[in-house]
Structures are given as C-alpha cells and as structure tokens.
Amino acid sequence: GAVVSQHPSRVICKSGTSVKIECRSLDFQATTMFWYRQFPKQSLMLMATSNEGSKATYEQGVEKDKFLINHASLTLSTLTVTSAHPEDSSFYICSARDLTNRETQYFGPGTRLLVL
Amino acid sequence: EDQVTQSPEALRLQEGESSSLNCSYTVSGLRGLFWYRQDPGKGPEFLFTLYSAGEEKEKERLKATLTKKESFLHITAPKPEDSATYLCAVQASNTGNQFYFGTGTSLTVIP
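Order-wise, the sequence lines are chains A and B.
Using our numbering, read the first sequence as starting at -15 and increasing by one per residue.
Using our numbering, read the second sequence as starting at 343 and increasing by one per residue.
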C-alpha cells in the first residue's frame, strides 16, 4: 500500500534555531502534499498545501515566512520551521495525495518537535 | 459553512461489545468521506473511503456506511487492539484538495 515517511520522528532544538522536516512518498508519486499540525487531544489542523514545482498554499493564520515549504520533486516535500520558539512545539504530520487511488491522502508517522 | 462533527467524543466498550461511531457532515458537493485510525503519537492510518450514499466498506471488524448526511463506523466484537482515535474527513467539491477533519472519537476497548 501507499507509504509515507517522515524524518526526523522527534527533534529537540533550542529557541531561535531552524528545523527541517522531510516528508517522502515511498511507493507513489505525489504532486500534492499537505502539512498538518496537531495539538494534544485535538484533531489535525491543516497548515499548508504543498504543490510540486510551485509555491505552497498556506491556510489563514499560518505564517509562510516562518513555515517554509519546498516541494522539489514528486516524492519529497520539506517543512522548515524557522527561528523556532517554544510555542512552535507540536506534532507535525504530512500527508501525500495518491492520484491513482482517487485522491486518498496517506499520512506520515509524524514529527514531534520540542523547542526549548 | 462546511462542517464535520464526530460523536461520541469518547467511547469505552467491553471486549466483544459492538457499537457505532458517527460522523455527520454538511458540505457542498461531497467528493469523498474518509475514515482514519490514529494511535497516540502516530500519524493517521487510512481505513476507508466512501463516495456515494448507500456505499459500504468492510475491513475485519470494521464496517463503514454512508448516507447523504452522515457516516457510521460500525465496530463488531471489538478487541483491545482496536483502541485508538478514529477520525473522519470530508473532501468537498468546492474546496478542491482540502480535507475537513472531525475532532475524532477516542475508543477504548476494555479486556
């Protein structure tokens, strides 16, 4: 089945540093990937839609200069949290849309970010 | 305004006690309704996609059904390993790619 990986699975960093999270579709090509944020015991909040070869589309209230998204190939999207602060600590999950399976989104395992 | 509501928020079942989870939606032009299972600290795992009213899908102890207003996830004779949060998401024709997620139902199956 469709598999999506994320790396790293967990990261701890100091306030002010930047953190890059990778999302890969392993066995299918994904022209569109999505980045979500999830707080404890809450549902997923869509941050942005990542389109291969073009600029990402950000949801209202999400700072595009803080959360940089690059989708340089059909199997890789990256999310960079720039100048991270403690309030950016969260669980970040990506998904990839499989066009061969009627647009089903398959999710990665998530990345736990802790900013000290 | 498009909305997805899941109920109950939490459900505790004895092992073997069948029940149903509900996902009600109000969207303009349903393109698909998706069910996912999420374990703590992990990403959602895809379960089913339903596209039209009357459609049903089954996988082991789970069965998903769809009407024009809601979807049910029926769990037959659940086991402790079925404990997880079950999320439903709706894709609407007027929002293109975007999924609207419900807040989930946290299911606990007690041995």
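If you are wondering where the hints come from, they were derived from the structure by calculation, not from laboratory data.
Only a predicted model underlies this, so the values are computations on that prediction, with no experimental measurement involved.
Certain hints may be false.
To be verified - With the C-beta cut set under 8 Å, the calculated list includes, among others, these residues of chain A facing chain B:
| no. | residue |
| --- | --- |
| 1 | T62 |
| 2 | S73 |
| 3 | I77 |
| 4 | Y90 |
| 5 | P93 |
Unchecked claim - A few chain A residues that don't get close to chain B, going by computed Cβ distances all over 10 Å:
| no. | residue |
| --- | --- |
| 6 | V(-12) |
| 7 | G37 |
| 8 | Y42 |
All residues carry an ideal CB built from backbone N, CA and C; glycine is no exception.
Results of checking the hints against the structure:
1. With a cut of 8 Å, the hint placing A/T62 at the interface with chain B is violated, because the nearest CB-to-CB distance is about 17 Å.
2. With a cut of 8 Å, the hint placing A/S73 at the interface with chain B is violated, because the nearest CB-to-CB distance is about 14 Å.
3. Of the supplied interface hints, the one on A/I77 holds, with its beta-carbon coming within about 5 Å of a beta-carbon of chain B, less than 8 Å.
4. Taken as an interface hint, A/Y90 checks out: its beta carbon lies about 6 Å from the nearest beta carbon of chain B, inside 8 Å.
5. The closest approach between the C-beta of A/P93 and any C-beta of chain B is roughly 5 Å, which is under the 8 Å cut-off, so the hint is satisfied.
6. Not every C-beta of chain B lies more than 10 Å from that of A/V(-12), the closest at about 8 Å, which undercuts listing it as non-interface.
7. Listed as outside the interface, A/G37 is consistent with that label: its C-beta sits roughly 15 Å from the nearest C-beta of chain B, beyond the 10 Å cut-off.
8. Every C-beta of chain B lies more than 10 Å from that of A/Y42, the closest at about 12 Å, which supports listing it as non-interface.
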